[in-house]
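A.B. asks: Here is what each chain is made of, one letter per residue.
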Amino acid sequence: MTAKKSEAAAEEDKIIDTKRKSGSVKSQKQKPAAKEAKSVEKEVKSLKEEDLLLESGTDSEYDGDGDSLSLNSDDFDSDFYDSEDDGSQRETENGDEVHGHDGSDGNVDDDDESEQVDSENGEEDGSEEGFEQDEAVEESDSSEDEVAPRNTIGDVPIKWYDDEKHIGYDITGKKITKKEKQDKLDSFLATMDDSKNWRKIYDDYNDEEVELTKEESKLIRRMLKGEAPHADFDPYAPYVDWFDWKKESIHPLSGAPEPKRRFIPSKWEAKKVVKYVRAIRNGTIKFDKPEEEPNYYLLWGDDSASDLRGKNLNFVPPPKVKLPGHEESYNPSPEFIPTAEEKAAYELMYEEDRPKFIPKMYTSLRSIPAYENALKESFERCLDLYLCPRVRKKRINIDPESLKPKLPSRKDLRPYPNSCYLEYRGHTGPVTSLSTERSGQWIASGSMDKSVRIWEVETGRCLKVWEFDEVVTCVAWNPLSDFSILAVAMGRDLVLLNTELGTDEEQKKIEDLLNVKDLPELVPSVAKIVTWRQDEKHGGVKITHFKTITYIDWHSKGDYLSTVMASGETRGVVVHQLTKRDTQKLPLKIRGLPVRTLFHPTQRGIFLIATKKNIRVYDLRKREGPIKKLETGLREISSMAIHPGGDNLIVGSKEGKMCWFDLDLSSRPYKTLKNHPKDITNVAFHRSYPLFASCSEDSTAYVFHGKVFNDMNENPLIVPLEILRGHSSSKGQGVLDCKFHPRQPWLFTAGADSIIKLYCH
Amino acid sequence: MDVEGEDASKVVHVKFVTKLDSPFKVPVTSVVIPSNLTRLGLSSIVNSLLTLENPEPFDFLIDGELIRMSLEEFLQAKGISAERTLEIEYIRAVAPRREEKPSLHDDWVSAVDGSSHRLILTGCYDGLGRVWSSAGYCTHILEGHSGAISSVALVNTEDAGSVTVATASKDRSLRLFKVDTDEPVDSTTKVGAYKILRGHKAAVQSVAAQKYGSMVCSSSWDCTINLWNTDQSTSEGDSVSTKKRKGNNQAAESQTEAEAESTFVGHTQCVSSVVWPEHDVIYSASWDHSVRRWDVDTGKETLNLYSGKALNTLDVGGEGSALVAAGGSDPVLRVWDPRKPGTSAPVFQFSSHASWISACKWHKSSWYHLLSASYDGKIMLWDLRTAWPLSIIDTHKDKVLSADWWKGDSVVSGGADSNLRISSGISIS
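Protein chains in written order, with the UniProt record's numbering: chain G, 1 to 761; chain U, 1 to 429.
Don't take every hint at face value.
[Said to hold, decoys possible] Computed Cβ-Cβ distance ranges for the label pairs, DEER-style:
{"#": "1", "chain 1": "G", "residue 1": "ARG425", "chain 2": "U", "residue 2": "ASP106", "range": "16 to 24 angstroms"}
{"#": "2", "chain 1": "U", "residue 1": "VAL265", "chain 2": "G", "residue 2": "LYS557", "range": "23 to 31 angstroms"}
{"#": "3", "chain 1": "U", "residue 1": "VAL265", "chain 2": "G", "residue 2": "CYS462", "range": "41 to 49 angstroms"}
{"#": "4", "chain 1": "U", "residue 1": "THR268", "chain 2": "G", "residue 2": "ARG425", "range": "26 to 34 angstroms"}
{"#": "5", "chain 1": "G", "residue 1": "ASP482", "chain 2": "U", "residue 2": "LYS190", "range": "29 to 37 angstroms"}
{"#": "6", "chain 1": "G", "residue 1": "ASP469", "chain 2": "U", "residue 2": "GLU99", "range": "41 to 49 angstroms"}
{"#": "7", "chain 1": "U", "residue 1": "ASP106", "chain 2": "G", "residue 2": "ASP482", "range": "29 to 37 angstroms"}
{"#": "8", "chain 1": "G", "residue 1": "LYS517", "chain 2": "U", "residue 2": "ILE392", "range": "57 to 65 angstroms"}
{"#": "9", "chain 1": "G", "residue 1": "ARG354", "chain 2": "U", "residue 2": "ILE392", "range": "55 to 63 angstroms"}
[Said to hold, decoys possible] Calculated lysine-lysine pairs in the DSS-like style (CA-CA distance at most 27 angstroms, straight line):
{"#": "10", "chain 1": "G", "residue 1": "LYS557", "chain 2": "G", "residue 2": "LYS585"}
{"#": "11", "chain 1": "G", "residue 1": "LYS464", "chain 2": "U", "residue 2": "LYS10"}
{"#": "12", "chain 1": "G", "residue 1": "LYS464", "chain 2": "U", "residue 2": "LYS397"}
{"#": "13", "chain 1": "U", "residue 1": "LYS201", "chain 2": "G", "residue 2": "LYS508"}
{"#": "14", "chain 1": "G", "residue 1": "LYS509", "chain 2": "U", "residue 2": "LYS397"}
{"#": "15", "chain 1": "G", "residue 1": "LYS196", "chain 2": "G", "residue 2": "LYS179"}
{"#": "16", "chain 1": "G", "residue 1": "LYS557", "chain 2": "U", "residue 2": "LYS201"}
Note that these hints are calculated values from the structure, not bench results. Cβ coordinates follow ideal geometry from the N, Cα and C atoms, glycine included.
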C-alpha cells in the first residue's frame with residue numbers, strides 16, 4: 001500500500017512537475033514566438049518602406065500590393081501566435097489528463113471495494129458524468145485561465161527556497177510563508193482519517209494541498225487506460241457519406257460542411273512570404289531600377305513642344321524659318337534666277353529692302369562656295385541671344401472695346417446741336433464774347449474790332465451796332481426778359497447799354513434806370529476802384545474801374561452785376577447794384593488773381609470765385625472765408641459754368657481739360673475730361689436741355705450730354721456727343737466763346753475768324 | 001432718232017400719252033427707245049416727235065410717278081416689266097422759263113404775298129410795305145412801322161377797286177392799309193395805315209387773313225396768336241388815339257388803334273407762322289417744335305403735331321387742302337397728313353436744301369406742287385410724286401426769306417439780297 005502510495009506520490013510529483021513545466025514551457029515558448037513575430041513584423045515594415053522608397057509615385061497599383069503584403073504578414077504573425085497557443089493548450093490538456101488519470105489510477109489502486117462501488121457508481125457516474133462534463137465544459141468556457149498561481153517567483157527551482165521561511169512572493173510582493181510542516185505521524189494519521197485523502201496532492205510550488213475533483217480523477221483514469229480522455233468522445237462514430245450517390249450526380253460534389261482550413265490563412269503562403277522577405281533583406285532578390293527620364297530638350301525645336309512653354313515661364317518661341325523653296329536649290333530653274341537688270345535694281349535698293357537671298361546657279365554641289373555671311377550671322381545670332389529680353393512682357397488679351405464705358409447711343413440723346421446752318425457775319429475782328437437774350441430772339445456779341453452787335457437769331461441779321469474806342473472783352477445780357485440791358489466790358493470801362501428792344505413801358509423803365517444824373521456816393525475805399533458816369537454817347541451808364549475788366553456776370557435777378565479785374569487781394573472783384581447805383585467790394589480776401597465769378601443760380605448769397613488754381617465758394621451774407629474750396633488740379637482755370645440746378649459745376653482750363661464737380665459730393669472733380677488739345681476758352685450749360693459744351697482755341701467746340709438726376713444716389717451721366725468744327729483758326733485763336741440758346745438745343749460759337757456760328761439740332 | 005444703232009437687248013417699247021392740248025400732243029404710236037435714257041433723252045424724243053420751233057422740256061410719269069433716273073433703273077426699282085409696251089405720260093416740265101428783272105428794295109425783303117393776281121405785296125426790313133404791279137413797278141409804299149416788317153397778308157382780295165393789306169412788324173404792332181389798285185401806276189403812292197393793331201408784347205412774326213372774311217390773325221414772339229378785326233369802322237369804338245398824318249400826295253387819314261379780338265395761348269415759344277386756310281380753322285407753327293390747329297370759335301387747339309425741330313414756316317394745302325407742310329431749323333421740308341389717325345410722322349420729307357427753310361407754299365390749284373425757300377439762297381419746286389426737286393431757282397445771292405406763288409405760274413421771292421425776284425412761265429397743269 002505504502003509503496004503504492006509512495007509510487008503514487010512520486011507519480012503525482014511528476015505530474016505536478018510536468019504541469020509546472022508545461023506552464024513554464026508555455027511561457028518560454030510564447031516569448032521567443034512573440035519576439036520572432038515582432039522581428040518579422042519589423043522586417044516586413046522595413047521592406048515595405050524600402051519598396052515605397054523605390055517605387056514612390058510611380059504607380060498606384062504597387063501601393064495596393066504593399067498594403068496586401070502587410071495585411072498578409074499581419075495575418076501571418078497572428079497565425080504564429082495562434083499556432084503556439086494551440087500547442088500550449090494541447091499540452092496543458094495533456095497535463096490535466098495525466099493528472100486526472102493519475103488520480104483515478106490511485107483511486108483504483110487504493111481501494112478495491114471502493115472501486116466496486118465506483119464501478120457500480122460508474123453507471124451512476126456516467127449519468128452524473130454527463131452533468132459534470134457539462135459543468136466542466138461550462139467552466140472551461142467561462143474562464144479559460146485558471147486561478148493564477150499564488151506564487152510569483154516564476155520558473156525557478158523551488159529548492160532554492162528550501163532554506164527560507166517563505167516559498168516565494170505573492171502578486172503584491174509579500175512573502176508567502178511556508179506552512180508549518182506537520183509531523184509525518186500526524187499527516188499519516190490525517191490521511192488515514194480522511195477518506196478522501198487519496199485525492200489530495202501536495203503542491204510544493206504554492207505550498208498547498210490540491211484536492212482533485214471526481215471527474216478529474218476519472219479523466220486521469222481513462223487516460224491511463226489509453227482511451228480518449230473525454231467521456232463523450234465516440235471513437236467509432238458512424239460514417240457520414242457526404243457525397244450524394246443516389247442522385248447519381250455527374251458532378252463530384254460533396255455536401256460536406258466547409259472545412260475549417262478554408263477560413264484560416266494559408267500557412268504555406270505565409271511561409272513563402274517570409275522566405276521572400278528574408279531573401280529581399282539578404283539581397284538575394286533584386287528589383288529593377290526605375291527608368292530615368294531624360295532631362296534635355298530641343299533648344300531650337302519647333303513650337304509644337306508646347307509642354308516647354310508650360311514649364312518655362314520665360315520661354316521665348318524661336319523665330320520661324322521659312323522652308324526652303326526651289327529657288328534655294330543649288331541649281332534652280334532659270335525663272336528663279338534674277339536678270340542682270342534686276343540685280344542692278346537690287347543694288348540700288350536699301351540694304352534692308354533688298355531680298356535676303358538671291359538665287360544663283362551652280363553646275364554642281366562641289367562648286368558652291370562657302371556661305372559668305374556665316375561669320376556675320378553667327379555674330380548677329382550671338383548678339384540676338386545677348387540682347388534677348390530676359391523678362392517676357394505679359395501681353396494682356398483684352399478687347400479694347402470692352403474697356404470703354406457703356407454709354408447710351410447718341411441717337412437716344414437727341415436733340416443736341418450738330419450742324420451749322422446759320423452764320424452771323426459782320427464783325428471785322430475776332431469775336432470775343434457772346435450773350436443770348438433771355439427769350440432767345442437776339443444775341444449780342446463783342447469783338448476785337450471795338451464794336452458790339454446785336455443779331456436776330458432767326459435770320460442772322462445784325463440789328464444794332466455800337467462802336468467803341470476799346471476792344472470789347474465781354475458782353476452780358478441782363479437775365480431778365482423785360483429788362484433788355486446789355487453790359488459791355490472793354491478795357492477799364494463797363495458800359496450798360498439800352499438795347500431798345502423792349503416795349504415802350506420797359507423802355508421807360510430802363511431809361512430811368514440808366515439815367516444817373518446824380519452820381520452815387522460810394523464808400524471811399526470803393527471810390528478808389530470805381531467811378532460811375534453817364535455815357536452820353538451811347539445812352540447808358542459807364543462805370544470806370546481802376547484795372548482792366550476781364551469778366552462780368554449778372555445775378556439771375558438782374559440787379560447785381562459782378563466784375564472781375566486783373567487784380568489780386570480784395571480789389572479783384574466788385575459787385576454793382578443797378579437799382580441803388582452802388583458798388584460794393586467783396587468783404588473777403590481772395591487768394592490769387594480771380595478769373596471768373598458766378599452767382600449761384602438757386603441759393604441766395606452764394607458766390608463762386610475761380611482763381612487760377614482753385615474755386616472757392618463764399619456765402620456773401622456771412623462775411624467769412626470760403627465755405628467750400630474746390631480743388632481742380634488744373635494748371636490754369638479759364639472758365640466755369642454752373643448747372644441750372646445749382647449742384648454741378650464745370651470748369652474749363654487752359655490745358656484743355658474740363659472738370660465736372662458735384663458740389664454736394666466732394667471738393668474734387670467727379671470727372672475730368674481731357675478733350676481739347678488747346679486752351680478751353682469757355683464752357684456752358686444749357687438752361688433746360690441736359691447739354692453742356694466747351695469751346696477751345698483749337699477751333700472746335702465739344703457738345704456733351706450731361707444729365708443730372710434728381711435722385712441723389714445717381715451720378716450725373718456724361719456722354720460726349722459731337723465735335724463742332726467749322727471755325728477757322730486766326731492767329732492761333734479758335735473759338736473764343738460759346739453760349740447755348742436759352743430755349744432751343746442750339747449752340748452759338750464766336751470765332752476768332754470774326755464769324756458767329758449757330759449749330760442746330 | 002436713230003434707234004437701230006442701240007443695243008437691241010436694252011430697248012423698251014413705249015407709248016407717249018398726254019393730257020396736254022394740241023401743240024404738245026404726239027400721235028399715239030408705239031416707239032422703241034433705248035432703256036438707258038433719262039428724262040432729258042425722253043424729252044428730246046418727244047420734242048423730235050412734236051417738231052416744235054422752240055424745244056419744250058417735258059417731265060415723264062410712269063404709273064403716276066415722275067422719272068428721275070434712267071428708264072432702266074426706274075423700271076428695275078419699281079419692278080415693272082419691260083416686255084410689254086410702256087405707257088409714259090408726259091407733262092410740261094415744271095420749271096421757270098423766264099426770269100423777270102429784280103425789283104430792288106432798300107433792305108432785306110422779309111415778306112412776299114402773291115395771293116392777288118393783280119399785285120405783289122412785299123414787306124421789307126426798312127419798315128415799309130410795298131405793292132408791286134409787276135416786276136420793277138412799285139405802285140404803293142405802305143409806311144408807318146418803326147420796325148422791320150416780318151409778314152404781309154392780303155385781306156379780302158374779292159373787292160374790285162381796292163384791297164386791304166395787313167402788315168406785321170417787329171415793332172410789336174400790325175398795321176392795316178387800304179390800297180387802291182385801280183389807280184394809274186405811273187408813280188409810287190405812299191399809303192398810311194388806317195388801323196394799328198397793338199396788343200402783342202413782342203415782335204410779331206406772322207400774319208394771316210381769314211379766307212372769305214375780314215379777320216386777320218397774327219402770331220408773335222410772346223407765344224400768342226391774336227385775332228383782329230379789320231373793319232374800318234369799329235363798332236366798339238375802341239379808338240384809343242387818333243393821329244393826323246400828312247402823306248406826300250394823300251389827304252390826311254384817320255388812324256384807329258384796335259386791340260385783339262381774342263388770343264390763343266398754348267404755344268410755349270415764339271409762334272413763327274400762322275395760316276388761316278378755312279373759315280374757322282387756324283394752323284400755327286412754333287419754335288416749340290409743334291404745329292397746332294386751332295378752332296377759331298372756341299379758341300381751343302384741336303391738333304398738335306410734334307415735329308422735333310423749331311419751325312419757321314407753315315402752309316396748308318395739297319390734297320383736299322388738308323396736308324400740312326412745314327419747314328424750320330433744318331434743311332428738311334416735312335409734309336404731314338393730319339387726317340391720318342394715330343401718327344405724327346410726316347408723310348413726305350424733302351431734304352435737298354442745305355440750310356434752314358424760311359418759306360413753303362402750296363400751289364393754289366395743284367395737289368402735288370409746293371415750293372420751299374431756304375437760307376441757302378435756293379427756292380425749290382417740289383412734286384409730291386418724286387423725292388427730288390422739280391427745279392431749283394437760285395437767282396438770289398443771299399438767304400431767301402420768303403417766297404410765294406403768283407398768278408399760278410410764277411414764283412415771287414424776297415431775300416437778304418434786298419431783291420424781289422419773279423420767276424415766271426412755270427406750267428403747272
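A.B. asks: Now tell me, hint by hint, if it's right for this structure.
C.D. replies: Hint check results:
| no. | hint | in the structure |
| --- | --- | --- |
| 1 | G:ARG425 <-> U:ASP106: 16 to 24 angstroms | 20 angstroms, holds |
| 2 | U:VAL265 <-> G:LYS557: 23 to 31 angstroms | 26 angstroms, holds |
| 3 | U:VAL265 <-> G:CYS462: 41 to 49 angstroms | 32 angstroms, violated |
| 4 | U:THR268 <-> G:ARG425: 26 to 34 angstroms | 31 angstroms, holds |
| 5 | G:ASP482 <-> U:LYS190: 29 to 37 angstroms | 35 angstroms, holds |
| 6 | G:ASP469 <-> U:GLU99: 41 to 49 angstroms | 47 angstroms, holds |
| 7 | U:ASP106 <-> G:ASP482: 29 to 37 angstroms | 31 angstroms, holds |
| 8 | G:LYS517 <-> U:ILE392: 57 to 65 angstroms | 59 angstroms, holds |
| 9 | G:ARG354 <-> U:ILE392: 55 to 63 angstroms | 60 angstroms, holds |
| 10 | G:LYS557 <-> G:LYS585 | 19 angstroms, holds |
| 11 | G:LYS464 <-> U:LYS10 | 64 angstroms, violated |
| 12 | G:LYS464 <-> U:LYS397 | 23 angstroms, holds |
| 13 | U:LYS201 <-> G:LYS508 | 15 angstroms, holds |
| 14 | G:LYS509 <-> U:LYS397 | 42 angstroms, violated |
| 15 | G:LYS196 <-> G:LYS179 | 21 angstroms, holds |
| 16 | G:LYS557 <-> U:LYS201 | 21 angstroms, holds |
Violated hints for the displayed structure, listed by number in ascending order: 3, 11 and 14.
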